[in-house]
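Note that the protein sequences, when read in sequence, are chains A and B.
Heads up, the final residue of the first sequence is numbered 489 in my numbering, and it's a clean run with no missing numbers.
Heads up, the final residue of the second sequence is numbered 489 in my numbering, and it's a clean run with no missing numbers.
For the record, the hints were derived by calculation from the structure and aren't laboratory data.
For clarity, every value in this text was computed on a predicted model and none was experimentally measured.
Even for Gly, the Cβ is constructed at its ideal location relative to N, Cα and C.
Just so you know, not all the hints are guaranteed correct.
Derived contacts from chain B toward chain A, CB cut-off under 8 Å, selection only [to be verified]:
1. Gln12
2. Ala15
3. Leu16
4. Pro32
5. Gln42
6. Met46
7. Arg88
8. Ala89
9. Pro93
10. Ala113
11. Ala218
12. Arg220
13. Thr223
14. Val224
15. Ala267
16. Pro268
Number of protein chains: 2
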Amino acid sequence: MSLSLLLDHLKQTAALGQVAGLLSWDQEAVMPKRGAAQRAEQAGAMAAVIHNRNTDPRIPEWIAGIDRSALSAFDTCNIDEALRVHQRATKIPARLAEESARAASEGHRIWAAAREEKDFGLFAPALKRNIDLKREEAACLTEPGAELYDALLDEFEPGARTAELLPLLESLRPPLVALREKIAGKPKPNPLSGHFLAAGQLAFAADIAARLGYDFDAGRIDTVVHPFCSGTGGDVRITTRTDEADPLNCLYTTMHEVGHALYAQGAPDPFLPAADYCSMGVHESQSRFWENQIGRSRVYAEWLYPAMSKAFGDIGVDSPDALYAAVNRVETGFIRTEADEVHYNLHVLLRFELERELISGALEVEDLEQVWNTRFKRDFGLDVPDPSLGVLQDVHWSAGLFGYFPTYSLGNLYAACLDKAMRTDLPDRDEMVRSSQMQPILDWLRQKIHGQGRLLPAPRLVEQATGQVPSAAPLIEYLDEKFTRLYDL
Amino acid sequence: MSLSLLLDHLKQTAALGQVAGLLSWDQEAVMPKRGAAQRAEQAGAMAAVIHNRNTDPRIPEWIAGIDRSALSAFDTCNIDEALRVHQRATKIPARLAEESARAASEGHRIWAAAREEKDFGLFAPALKRNIDLKREEAACLTEPGAELYDALLDEFEPGARTAELLPLLESLRPPLVALREKIAGKPKPNPLSGHFLAAGQLAFAADIAARLGYDFDAGRIDTVVHPFCSGTGGDVRITTRTDEADPLNCLYTTMHEVGHALYAQGAPDPFLPAADYCSMGVHESQSRFWENQIGRSRVYAEWLYPAMSKAFGDIGVDSPDALYAAVNRVETGFIRTEADEVHYNLHVLLRFELERELISGALEVEDLEQVWNTRFKRDFGLDVPDPSLGVLQDVHWSAGLFGYFPTYSLGNLYAACLDKAMRTDLPDRDEMVRSSQMQPILDWLRQKIHGQGRLLPAPRLVEQATGQVPSAAPLIEYLDEKFTRLYDL
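The following block holds chain A by itself, in its conformation from the complex (with noise of 0.2 Å):
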């Protein structure tokens, strides 16, 4: 008895915040821009909802009443994962929540009006604002004298701790810095060449998810300046967008996103906490699989060669070969969505250093922007010539989202991991992506993460998936041995 109240009201819980998503992906997607100021408050009113539910005093009353000796493993993480976000809760203040969630939602919209003007100097104020209420809410979180930024980490990769993240990611720094700069001296690969039209780019898109196994009948596809994936179960929304020079941002934008949906499409429960997905960096790893180790793979290629010229005649390269050299084509640029394999992980440092920062209080808001300018021009020998190529590209910061960049990274690591060991399952894997003939690699995925929800943490899931404790090791190699082919080095 005390159980199903417990799940009903969890479940109710969710349904509230699968709501609180679509405020999300109505704003960046459809919403009218006068509508900003109401949706602000809407966001406010939600949050302020679903905290007020998460702090129910009954939560830990029904928990104490079940036996949990006669449960499923999968009821035991239901009970596990309401008692964490229960307890989370009740030591952030109410107005907090509520606040937090105006603020991210007014803050989008103000970066996205700087991000258009070029002028940081609009976004300081709201990115000011978000900083102040995260390094708050940190510190309801946080014992006296641990690491204010681990309690944000936490939100999006549970367990996670910067003490060991932080040398994990940064073993990635010194074998990527060798790699570039061993390219650095080679002579680069033809770029795509044309006009692509924007029509054009969405249809081959909504062909290519559909033929990765995005059910279309549980989602949906639209244009957006942020591209982003939201939702779970059987409404599961993807975004893209398009550049009619660069065929290549749309494709592998919706690659990535459909990566996410995949894993959303196959949560085994649409409500339940148990069901939900492990944690960002394993989301990240879906989403990075499928636009690199599928989507940017030799054999990938030569399916999408013939399919590319089909859709748009002339392509400006000759081959799948010539194809697959463009897709992975190593330029050092300054915006992180579009990076190849090589710099990507290099994007994030830089950001999972500066938001320590900005959490810490180490680095003022009124400082980042130039202090962005300096370490870029440290990391990628290049000085950036506007904010819109810097500091003011991502949205993360504006929506409150600090904690989420080193997932990214992570996702990466998990991604070449799972690659490896689906490898190994699937010896005939080559033969399907040449064919894009998917279903058996998004079943092996369905089995080993997707149907998994979160019963096990992040490390744990992907040593069951693949045999070995995560480690950095499976990346370098992919890496290396992608790039040492491509660039004969």
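On the provided structure of chain A, position chain B as indicated by the hints.
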């Protein structure tokens, strides 16, 4: 202090109400079909949250602590509305509020499928569930011996009672039937003809909407099966539909929904109850006014004819007069939303009669299709060929909206009252409409209706706006004059 606590509570509840409204818009306009089951849970959860806030015992405590002597009329109305909603909500169990919302969401989906299949039997169980829930709700709200239906009517038309409304609306029947019979013997004007591409119709509709004063920065237009308007303040969305053989469907649907939207965009505050719309009858007066008194007027045809000819080429009629006759063609048909002004209220009266009997228990769901068909024959002289043209044509009952239909006719009645008064206040109105310069007309409505919120009950609001107690006379005069000239009676 009590007042500000109360107003904060009301604002947040209103924000959550807007979120619930967005769920409905999303369900109709963009939701993927496999999202339906989760959506029903989400709608139920939102209804439970809103019900819980409306029954908050602090509401009467705050109100008791307010010194009313120094309050503005606006805040007095906020308090009165808060108390009315609180008292109403406290009579309804939370379980019932939640179950009704879930049933409405599910019922709508089942209705859409049944209509597609033209099979009333598929819909009957869901309809029965909605009726049972509405009867239960009405019983909670009604004193023993009073009519259950009035409690439902009161939700849409506060203060209205069947005992007064029925004779008022039935007084329309004899003159409408007489008008129809006089017209029956006359030659019919030519309809439009041609092929009107959907994209062209939507572009034309958007242009019309903007010219009527609809603010696209605070709204958007989408296509749906059953058009509606949703939202308030800075986010008011309209929907329409297209039929490539008949551009009038899209045109007048759009003008109708724009009429609703102008009211909602003109709300003096997006969150406070005193600023909310007065009643559904008044809301329908706005949609019907723009659709009929403006959109189907002789002078508007002078603007519309060249505009449509420019947009679509040959439209099958050759002058403004011929267009005016075509958009006012009187023809007995099956569908309410496509009915001419002579038939429209007869369609409403049929539904008003049936839904009162469904709620009283005098009519059972299993008999509804047959009774609909029998009475349709009685009122319209036609045999209903299939239920998509009969009992399954309207969305309302599927979504639990009982007590809504009579507000359409009340809206027609109020629209005619407002039209008459406006013509006195704006002697140049014909010139404005002839050149599609609508701003003074919108300004008049903004001042007299939109800006008044619900400070007055609907009949008093219309009386204040027009200087006359509202009655059926202006509508009958308007229709008699219009159709006597058009059909040379």
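To see whether the hints hold, each was checked on the structure:
The criterion of a C-beta within 8 Å of any C-beta in chain A is met by B/Gln12, whose closest approach is roughly 5 Å, and the hint holds. Satisfaction of the interface hint for B/Ala15 is found here, the shortest Cβ-Cβ separation to chain A being roughly 4 Å, below the 8 Å cut-off. Interface restraint check for B/Leu16: the shortest CB-CB distance to chain A comes to about 5 Å, inside 8 Å, so the restraint holds. Evaluation of the B/Pro32 hint against chain A yields a held restraint, the C-beta minimum of about 5 Å falling below 8 Å.
Taken as an interface hint, B/Gln42 checks out: its beta carbon lies about 5 Å from the nearest beta carbon of chain A, inside 8 Å. Interface restraint check: B/Met46 against chain A, minimum CB-CB distance 6 Å, threshold 8 Å, status holds. For B/Arg88, the interface hint is violated, since its Cβ never comes within 8 Å of a Cβ in chain A; the closest pair sits about 21 Å apart. Interface hint at B/Ala89: violated, since its Cβ lies 16 Å from the closest Cβ of chain A, which is beyond the 8 Å cut-off.
Given hint, B/Pro93 at the interface with chain A, is violated; its Cβ is 16 Å from that chain's nearest Cβ, farther than 8 Å. Violation of the interface hint for B/Ala113 is found here, the shortest Cβ-Cβ separation to chain A being roughly 14 Å, above the 8 Å cut-off. Hint on B/Ala218 holds. Least Cβ distance to chain A is approximately 4 Å, under the 8 Å limit. Annotation: B/Arg220 was flagged as interfacial toward chain A, and the flag holds, the nearest CB pair being 5 Å apart, inside 8 Å.
Of the supplied interface hints, the one on B/Thr223 is violated, with its beta-carbon coming no nearer than about 13 Å to a beta-carbon of chain A, more than 8 Å. Below 8 Å, beta-carbon pairs count as interface contacts, and B/Val224 has none with chain A, the closest being about 14 Å; its hint is therefore violated. For B/Ala267, the interface hint is violated, since its Cβ never comes within 8 Å of a Cβ in chain A; the closest pair sits about 11 Å apart. Interface restraint check for B/Pro268: the shortest CB-CB distance to chain A comes to about 14 Å, outside 8 Å, so the restraint is violated.
Violated hints, listed in ascending order, are 7, 8, 9, 10, 13, 14, 15, 16; each of the other numbered hints is respected by the structure.
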